[in-house]
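Visitor: Here is what each chain is made of, one letter per residue.
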Amino acid sequence: MMSATTITIEEFLEAAKEFVKKSEKVCDGWALKLDKTDIFKTYIKKDTFIECPDTTALYKIEYVIFYNLSYGVPSFSFNVWNSSGMLITLDDIRRMSFLQINQKDFYSVITQQEHPIFQRPYFIVHPCHTETLLAAFRSSSKNIIVTFLGLITPLIKLKLPLEFGYQ
Amino acid sequence: MEGGDWRNRIISQLQARNKYETAAFQDLITFQSRLFDNVNTLKNENLQLTLLNERIRFTGTDSVLSGTGTASNERIQALEQKILIQQEELTSMHRRRGENAQQIMSLNEKVHDLEKQLQAKDIIISENTAVIASLRAEIQMYETNMTELQGLNQVLRDEHQALQIAFAAIEDKLRKAQDENRSLVERLIKYKAKDADKMNEENEHFIKKKTEKVRKELEEAARESGSRSSGSGSSEDKILDSISQFYGTLPSKAALRFDAHDGEVNAVKWSPTDRLVATGGADRKVKLWDVAKCVVEIKGTLVGSNAGVMSVDFDSTGAYIVGASNDFASRVWTVADQRLRHTLTGHSGKVMAAKFLGEPTKVITGSHDRTLKIWDLRSKMCTETKFAGSSCNDLVTSDGAGSTIISGHFDKRIRFWDIRTEMSANDIMLQGKVTSLDLSRDNNYLLACVRDDTIQLIDLRMNTIVRSFSHESFKVGCDWSRAAFGPGGRLLSVGAADGAAYVWNTHSGRLETILKDHTSAVTAVSWHPQSGLLASVDRGKRAIIWGDL
Amino acid sequence: MANDREVLREIWDGKLPICFQLAQEEIMEIQQPDAFYVMVPRLSYFPLVTDKMKRHFLRYISQENSDSEMWLDYNGQPLKWHYPIGFLYDLLCGNDPQLPWHLTVHFTKFPEDVLLHCNNKDVVEAHFMSTVKEADVLKHRGQVMSTMQKKDHNQLWLGLQNDKFDQFWAINRRLMESHGDNEGFKHIPIKLYSDDGTCSQRLVSPKNNDGSRKTLQQMVAELYPDKHDVQLRTHGVIIPSDTPLQWLSEHMSYPDNFLHLCVF
Numbered sequence: 001m002m003s004a005t006t007i008t009i010e011e012f013l014e015a016a017k018e019f020v021k022k023s024e025k026v027c028d029g030w031a032l033k034l035d036k037t038d039i040f041k042t043y044i045k046k047d048t049f050i051e052c053p054d055t056t057a058l059y060k061i062e063y064v065i066f067y068n069l070s071y072g073v074p075s076f077s078f079n080v081w082n083s084s085g086m087l088i089t090l091d092d093i094r095r096m097s098f099l100q101i102n103q104k105d106f107y108s109v110i111t112q113q114e115h116p117i118f119q120r121p122y123f124i125v126h127p128c129h130t131e132t133l134l135a136a137f138r139s140s141s142k143n144i145i146v147t148f149l150g151l152i153t154p155l156i157k158l159k160l161p162l163e164f165g166y167q
Numbered sequence: 001m002e003g004g005d006w007r008n009r010i011i012s013q014l015q016a017r018n019k020y021e022t023a024a025f026q027d028l029i030t031f032q033s034r035l036f037d038n039v040n041t042l043k044n045e046n047l048q049l050t051l052l053n054e055r056i057r058f059t060g061t062d063s064v065l066s067g068t069g070t071a072s073n074e075r076i077q078a079l080e081q082k083i084l085i086q087q088e089e090l091t092s093m094h095r096r097r098g099e100n101a102q103q104i105m106s107l108n109e110k111v112h113d114l115e116k117q118l119q120a121k122d123i124i125i126s127e128n129t130a131v132i133a134s135l136r137a138e139i140q141m142y143e144t145n146m147t148e149l150q151g152l153n154q155v156l157r158d159e160h161q162a163l164q165i166a167f168a169a170i171e172d173k174l175r176k177a178q179d180e181n182r183s184l185v186e187r188l189i190k191y192k193a194k195d196a197d198k199m200n201e202e203n204e205h206f207i208k209k210k211t212e213k214v215r216k217e218l219e220e221a222a223r224e225s226g227s228r229s230s231g232s233g234s235s236e237d238k239i240l241d242s243i244s245q246f247y248g249t250l251p252s253k254a255a256l257r258f259d260a261h262d263g264e265v266n267a268v269k270w271s272p273t274d275r276l277v278a279t280g281g282a283d284r285k286v287k288l289w290d291v292a293k294c295v296v297e298i299k300g301t302l303v304g305s306n307a308g309v310m311s312v313d314f315d316s317t318g319a320y321i322v323g324a325s326n327d328f329a330s331r332v333w334t335v336a337d338q339r340l341r342h343t344l345t346g347h348s349g350k351v352m353a354a355k356f357l358g359e360p361t362k363v364i365t366g367s368h369d370r371t372l373k374i375w376d377l378r379s380k381m382c383t384e385t386k387f388a389g390s391s392c393n394d395l396v397t398s399d400g401a402g403s404t405i406i407s408g409h410f411d412k413r414i415r416f417w418d419i420r421t422e423m424s425a426n427d428i429m430l431q432g433k434v435t436s437l438d439l440s441r442d443n444n445y446l447l448a449c450v451r452d453d454t455i456q457l458i459d460l461r462m463n464t465i466v467r468s469f470s471h472e473s474f475k476v477g478c479d480w481s482r483a484a485f486g487p488g489g490r491l492l493s494v495g496a497a498d499g500a501a502y503v504w505n506t507h508s509g510r511l512e513t514i515l516k517d518h519t520s521a522v523t524a525v526s527w528h529p530q531s532g533l534l535a536s537v538d539r540g541k542r543a544i545i546w547g548d549l
Numbered sequence: 001m002a003n004d005r006e007v008l009r010e011i012w013d014g015k016l017p018i019c020f021q022l023a024q025e026e027i028m029e030i031q032q033p034d035a036f037y038v039m040v041p042r043l044s045y046f047p048l049v050t051d052k053m054k055r056h057f058l059r060y061i062s063q064e065n066s067d068s069e070m071w072l073d074y075n076g077q078p079l080k081w082h083y084p085i086g087f088l089y090d091l092l093c094g095n096d097p098q099l100p101w102h103l104t105v106h107f108t109k110f111p112e113d114v115l116l117h118c119n120n121k122d123v124v125e126a127h128f129m130s131t132v133k134e135a136d137v138l139k140h141r142g143q144v145m146s147t148m149q150k151k152d153h154n155q156l157w158l159g160l161q162n163d164k165f166d167q168f169w170a171i172n173r174r175l176m177e178s179h180g181d182n183e184g185f186k187h188i189p190i191k192l193y194s195d196d197g198t199c200s201q202r203l204v205s206p207k208n209n210d211g212s213r214k215t216l217q218q219m220v221a222e223l224y225p226d227k228h229d230v231q232l233r234t235h236g237v238i239i240p241s242d243t244p245l246q247w248l249s250e251h252m253s254y255p256d257n258f259l260h261l262c263v264f
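Protein chains in written order, with full-length UniProt numbering: chain R, 1 to 167; chain H, 1 to 549; chain C, 1 to 264.
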């Protein structure tokens, strides 16, 4: 359904494919995983490492962007493991994020949930905020995912190369 | 509110679920948690009291001494009591809780078992209903079968009845037909008898006519011709001659006269085949004479006997001849080469008669030793001996097979024998010694020459004497005087003591002729089977052939 | 409108007997702890009903684990606390009901690759509320939740937490209303689980293409065209195939406003 606040799965797939092509050009590491049996289970994924500036500890991060069926928007999910292979807590993530947000607000945006695709615990960005934000940029966005990520990245230490903004 | 079958199903499922999951356990678990709480609180209390106890014990002396003293002691005791009671309660609670848990488990098991039983019972019920259905079907089938069979039965019964009626009707018909048949057969017999009588009547009539004619002719002839003298010279003789001419077989004159033996001639017999005559004499010889060429030629002499030959007989083929001798034996010679074939010894007396029995392999002999013996020529042995009880003078065999033997005896009896039995089957008593027997060619009449100077003619079928022949001048010459039937059985002749041969007509009983030429008593006579020639022999060596050669 | 009070009540009153036992390897005391029996509401969540049980078992474990997160397992399978209790039971023991349901309590080796962390009841509340919002987005484009006040949200949560039917349904009723000229929700909030626990979510409309009310059977034919004899179970009952989806969603959703159906 064509509406201001939601995108269809087909639009998501289009944008995802474009995004991955750009990622390959700049070697940003995003990959598209297409599910033939259930189109809704298609996602794009990136594995990377980041370093916490304060503690010089190394963390492994896995980012997954997928389509949220109920809200009709892209969803952002991630998991972070420390150097001993254990998942870090939400609170640690909060402390690591760029912006200083208090606990309550943070928890209303990012929560640990069971991933709809993987059926495993993942940290997922709550979709209702995405909805509002996207509503603002829907018409003007060339690639909805790029727009989407642009809004997310302040919350998580995710580098988004400027090259994504180019055509 | 929406309704529909689905809603009811959902509601009922939910209610069942709640009953099963919630209601079943609610009370137990509530109670259990209450117990649990009680236990906990008691445990806590216990703990606290123990601590208090410890504390009091350790620091107790001070506070005790500090004044509370006995009161606190009492309090302590009371508290200790309380502790004990609580501890007991606690243990009993524990126990009860364990029991409840047990109960829960056993109730669960019971529920399981009951469910299983229910299932089993359901299975049995369904099996039984299936069995019932099949049994009902069987019953149905049997009932239909039974009605069918009853129908069939009824049909069969009806058919049976119908058949019975038909049978009765047919039986009736049969009876009627049988009666008809019987009556028809009777009528047939009656008609046949009538026919036979008619035939007889006709025959008699015809014969009467013939005799009438003949008599007329004779009377004419008698009137015409003069008397003729030949032989005897009486008118009767003339008539007899003419009769004999008419008949053609009555011999009138002696054709040949010759001396046969050197002594008495006892027996004479013509051969059945050619003009051969055999004679047996007291000179122990059997001589064969050929009279074919109107002269007598001696054909041969058969020797072998050690005493006089009393009787001779040819077999039916004329190839063999048997002679019975006074030397207690009989002998068989072949005619052609005149050789002695068999000598049959065994009698203990003179053998008076010997005859071939049917086929030329058996000979029967009668002897003065009061027995008859049957000899088998192949084995040359006596196969049978019949005890007669009296000396046998002569015997004859009836019919070709020789199944009946008739013998004449010294004791005036004629005995009939069946060849198979030892005892005589029958006998006829006569007035005198039986000197000879002869059987007519049709085996119906028996001729017996009796010493009382009569010839008896016996009808064998009726077993009675039908005629007696006698003449005032006829006297039997000797104890073995032989009489003989003529061919055809119409005539019989016998030799007399005065040297004549008397010839009777068997049918009328009239003496036909007397042939006198012998000088001594005639011992035996024999008719030629075809030509009507008569041969006679006497005690004075002489043999005469009468008739036309 | 969810006005079939009898059905709602029967569903709400469902309780399961649970027997909690401490994992053998974690028992540190000489005395064996008693098993903890409790009746828990089918519609509730485990973290809301395990306080007393946790206190009971804490005494028996080693002291160093007393602050670690408690987690439960059934037959070796960790229980996801964010699923309603009744749904977990139907999923794991639906074909083979055994009551009381025996669960094992652990305080160590938290399986963080399977279970979400749950440190306090706020996490449960946050999860519950976000699910309710998601359902509202599917049903009414999120309009009902956004027009409700914070205190209504609180009342919804408290009604569930304290097992108060009327308190809960006073608010939930509004979430079950149909808006606009079409009777029925925009989409039915529905999660389908297969035997192995994998969940799939689809956009399901309560109406057929011709405008008639869609029944469960028709939905099954849409979603599983090559399977036959598909039966769906929820709340421990098998749903008749001619049940209208709209009614089903209004009356037999869990408190989080989703239909959780086990497919078998």
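Honestly, the hints are just simulated from the structure, not real lab data. Careful, some of the hints might be misleading.
Estimated spans, in silico, between C-beta atoms of each pair [to be verified]:
(1) H/TYR20 - C/GLN143: 28 to 34 Å
(2) H/SER33 - C/GLY180: 47 to 53 Å
(3) C/GLY180 - R/ASP47: 43 to 49 Å
According to the in silico footprint, chain C covers these stretches of chain H (three or more CB under 8 Å from chain C) [to be verified]:
(4) 13-27
(5) 445-454
The calculated DSS-like cross-link candidates involving lysine-lysine, where the alpha carbons are at most 30 Å apart (straight line), are [stated by the list, open to error]:
(6) R/LYS36 - C/LYS109
(7) H/LYS82 - C/LYS109
(8) C/LYS109 - R/LYS46
(9) C/LYS52 - R/LYS60
Quick caveat, the model's predicted, so the values are computed rather than measured. We treat Cβ as the ideally placed atom computed from N, Cα and C, and that holds for glycine.
Visitor: Does each hint hold? Answer for all of them.
Guide: Against the structure, the hints:
no.	hint	in the structure
1	H/TYR20 - C/GLN143: 28 to 34 Å	violated (40 Å)
2	H/SER33 - C/GLY180: 47 to 53 Å	holds (48 Å)
3	C/GLY180 - R/ASP47: 43 to 49 Å	holds (45 Å)
4	13-27	holds (count 11)
5	445-454	violated (count 0)
6	R/LYS36 - C/LYS109	violated (36 Å)
7	H/LYS82 - C/LYS109	violated (44 Å)
8	C/LYS109 - R/LYS46	holds (29 Å)
9	C/LYS52 - R/LYS60	violated (39 Å)
Comparing the model with each numbered hint stated earlier shows that hints 1, 5, 6, 7, 9 do not hold.
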